[in-house]
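Work out the full structure: start from the sequences and follow the hints.
Same order as they appear, the protein sequences are chains A and B. With the numbering used here applied, the first sequence covers 25 to 405. With the numbering used here applied, the second sequence covers 58 to 570.
Calculated from the structure, these hints are not laboratory results.
Simulated restraints on C-beta separations:
#	chain 1	residue 1	chain 2	residue 2	range
1	B	THR288	A	LYS275	52 to 62 Å
2	B	ALA438	A	ALA206	47 to 57 Å
3	A	ILE61	B	HIS144	43 to 53 Å
4	B	GLY313	A	VAL173	48 to 58 Å
5	B	CYS152	A	GLY37	36 to 46 Å
6	A	LEU383	B	ALA561	50 to 60 Å
7	A	LEU383	B	GLY379	53 to 63 Å
8	A	LYS389	B	GLN128	15 to 25 Å
The structure presented is a predicted model; accordingly, all values stated were derived computationally and were not measured. Ideal Cβ positions, reconstructed from N, Cα and C, are used throughout, including at glycine.
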Amino acid sequence: MKKEKTSLLRNAGVQSLLASLLCILIGLIVGYIVLLIIEPSGANKAITTIIKNFLTYSRTDTQLKYLGNTLAKTAPLLLCSLSVLFAYKAGLFNIGAAGQYVIGAGASLYFALALNMPWYVCLIAAIIAGAVLGAISGLLYAYRNVNVVISCIMLNWISLYSVNTLLTSVKDSTSPYTLPLASTNPSAVLPTLGLDKLFNGNEYVTIAVPLAIIIAIIIWVVLEKTKMGYELKATGYNKNAAKYCGMQEKKNLVMTMAIAGALASMGAALYFLTGFEQWSCSQASVPDMGFNGIAAAFLGGLSPLGSILSSFFIQHISSGGAYVDKTMYCAQISDLISSIIIYVCGFVLFFKYAMNKWLDRSAEKKAEKEASKDEKGGAEQ
Amino acid sequence: MEQPYAIEMLHITKRFPGIIANDDITLQLRKGEIHALLGENGAGKSTLMSVLFGLYQAEEGIIKKDGKEVQIKDPNDANDLGIGMVHQHFKLVECFSVLDNIILGVEPTTKGGVLQKAEARKKIIALSDKYGLKVDPDALVEDITVGMQQRTEIMKMLYRDNEILIFDEPTAVLTPQEIEELMQIMRNLAAEGKSILFISHKLNEIMEVADRCTVLRKGKYIGTIDIANTTREELSRMMVGRDVEFVVQKDEAKPGDVILDVQGLTVASKAHSNNAVKNVSFQVHAGEIVCIAGIDGNGQTELVYGLTGLEPVSSGTVKLEGQDITHAPIRKRSTMGMSHIPEDRHKHGLVLDYSLEYNMVLQRYFEPEFVSKAGFLKQGAIRSYAERLIDEYDVRSGQGPITIARSMSGGNQQKAIIAREIDKDPELLIAVQPTRGLDVGAIEYIHKQIVATRDAGKGVLLVSLELDEVMSLSDRILVMYEGEIVGELNPKTTTVEEMGLYMAGAKRGATSA
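As structure tokens, this is what we get:
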């Protein structure tokens with residue numbers, strides 16, 4: 025069979041990458057404009073601070089330490105984005121990643137602080153809790169046709185307040201935060217395997233980082249190379265055809281949501297079991313990690329491997345925002361800028377579409393030119 | 058006297074990367090004529106129509122309306138010029154009523170923006186009575202049959218008072234009687250001075266209703282001829298480039314053991330509270346083609362859903378080779394030897410966003426040949442299997458096995474499904490409207506495959522709305538009317554007229570199968 029030579033730009037991977045880079049660029053420009061509007065004099069400095077993130081520090085070892093922090097926060101984001109994209113491939117929009125993340129945090133911290141379990145038990149508890157929560161949405165959709173988005177949003181809030189209540193039992197008596205992990209139950213802290221030494225003794229860099237990357241690769245393999253991925257994607261693309269060829273589409277939907285839920289809650293465990301942050305039992309909004317997972321999934325071109333890079337980038341920008349000069353801009357500026365960038369990132373699919381249109385048009389023009397050349401060359405018949 | 062031209066498309070050339078879809082094509086539609094556009098799948102008919110509707114811009118050539126050159130940049134321009142089209146795949150909002158669909162985009166309102174449906178209803182009922190379309194303005198589109206949906210589409214055009222009416226394969230889903238009615242409508246419209254462009258591969262219909270016919274083949278203009286001075290054979294030769302057999306060649310059936318045994322089958326209807334299939338009993342033997350004939354919407358779809366497991370049955374039994382499969386899962390039926398060429402190839406037959414090779418293994422991907430014990434797909438085996446099917450069944454596509462199914466022509470999509478279902482080596486092949494919307498070349502091919510399946514000793518249950526197909530292909534005919542089998546006919550001794558009477562419910566015979 026003759027293989028058509030196709031433009032490198034036609035390659036789906038290359039397209040995703042270019043579209044994502046374009047989104048990032050536009051996001052940064054729009055963010056810059058917003059900074060200019062608020063306070064022109066500090067805009068240049070602020071935007072470079074955001075982009076630089078840990079590079080703001082001049083000393084290499086400090087840089088490494090703060091890179092470590094970004095990485096520690098990238099792992100949970102990556103898992104949330106995997107959760108979103110995995111469900112998306114089966115045609116489901118898992119906006120419940122946020123709630124599944126909350127449940128994961130609750131389960132892992134409760135097992136660590138109240139039951140004094142070692143880290144792997146806490147991790148498994150989180151995974152199971154998230155899978156159950158995801159499966160609830162899946163079951164409601166498959167057997168009662170309840171819209172996944174709606175059931176997920178409601179479960180997000182149910183999860184938040186349940187976890188707040190649950191973790192109050194392991195709360196520090198003087199603050200709204202849960203007890204510090206490292207001092208209460210050191211066995212629950214994720215092992216570092218020496219990774220902390222690479223990052224100037226940053227003890228928050230644990231096996232969570234390599235584990236998250238391995239999970240991303242596994243998800244890619246499952247989606248692209250296995251029977252399960254074949255079935256899930258077929259169900260996502262065309263539920264009726266999946267049913268017609270005898271796939272158990274309802275079972276597949278439930279299983280997809282369970283796996284998606286497990287991924288997001290595992291992300292939470294991989295974060296809170298580092299001890300980087302304590303859970304605030306008085307928080308009244310669902311943590312945005314799960315929602316950022318949606319952006320990371322789309323920015324990564326809905327590819328598990330792309331998600332690795334996009335998750336790091338989004339976390340990099342979010343962390344960088346924290347360094348912006350607070351005398352010129354209010355404290356929320358970092359959130360604002362990173363959300364603008366994340367928002368624009370949602371346009372990846374649109375840019376891909378536009379790029380294909382443009383390629384089609386230029387290919388047509390080329391064909392036209394060649395055809396007119398041919399006509400001039402051989403005017404026989 | 059020759060009428061002036063309403064629309065002229067002169068020397069249209071449209072190229073796509075790697076292919077010239079329209080190569081110097083000229084189409085001239087006279088005022089008040091019915092002009093057929095004939096060509097196989099991929100001949101360039103759709104592209105030409107897309108150019109006329111402004112969806113594509115032609116690289117060369119011009120379009121004239123009433124002798125004046127016009128620019129059609131987008132479908133709005135086409136609408137302004139009074140060009141309307143009934144698409145092959147309907148463009149209807151399923152959860153809207155027929156009335157709402159018809160007025161969609163041209164809603165009559167008061168100045169304040171309040172809908173004036175009463176007026177629209179009057180106009181629709183008047184048009185409906187005038188042309189015998191019998192549309193119920195208040196029915197929901199999702200509840201009405203495919204045939205009725207199409208009549209809604211036709212009504213949309215009539216409602217908009219379009220001057221130039223394009224019918225894209227309008228008869229593919231209509232019953233013989235409905236086709237007759239449609240032909241009459243088209244004649245009436247033409248008599249009123251509307252110009253009709255009738256896209257079809259059905260030579261009989263073109264011969265019956267059209268005044269002139271333009272033939273395309275592989276993107277090239279073959280010619281325009283007067284129907285009065287031509288024959289069916291000549292048209293088909295122009296279209297296909299060779300002689301085509303119209304009669305299916307087949308030997309006497311040699312029925313063997315019972316393959317499918319259906320007793321007292323009842324299936325509930327989704328559209329209304331009545332049962333769609335009522336106490337139906339029949340058998341299919343090995344080595345015979347049993348055809349379920351009937352007007353669209355008389356329970357054939359639900360019967361097939363019940364047999365294949367897509368919908369649960371209310372009562373009765375279904376046995377495949379003696380084994381009760383009444384409540385068996387779909388996968389079990391498939392592995393036990395049931396193949397199903399579905400009525401709707403886009404809804405059920407294909408995962409359109411999957412590659413051709415993935416679609417080719419849709420019924421077999423779970424077999425050890427294609428998946429390892431650990432659950433990994435054997436990409437190499439899938440590729441070579443797909444390549445073999447593509448080769449054997451002559452499935453044409455842009456990039457072979459990795460072509461996305463969505464980008465393939467309807468005929469080749471159908472060929473892919475047929476390849477997949479027949480190559481599964483079934484004991485029973487259930488084929489529902491297997492040639493819907495296909496051209497004569499593809500129909501000839503599919504008929505041959507179905508006969509070959511029968512001759513290999515398999516049972517075939519064919520559900521078809523096309524009388525020609527029923528008459529030429531089947532060994533036994535069962536006529537369905539309002540969910541019941543009202544007669545069993547022998548294609549050798551019956552006539553189309555007799556079958557028509559059974560289909561219309563005017564006659565009921567013994568139903569001993």
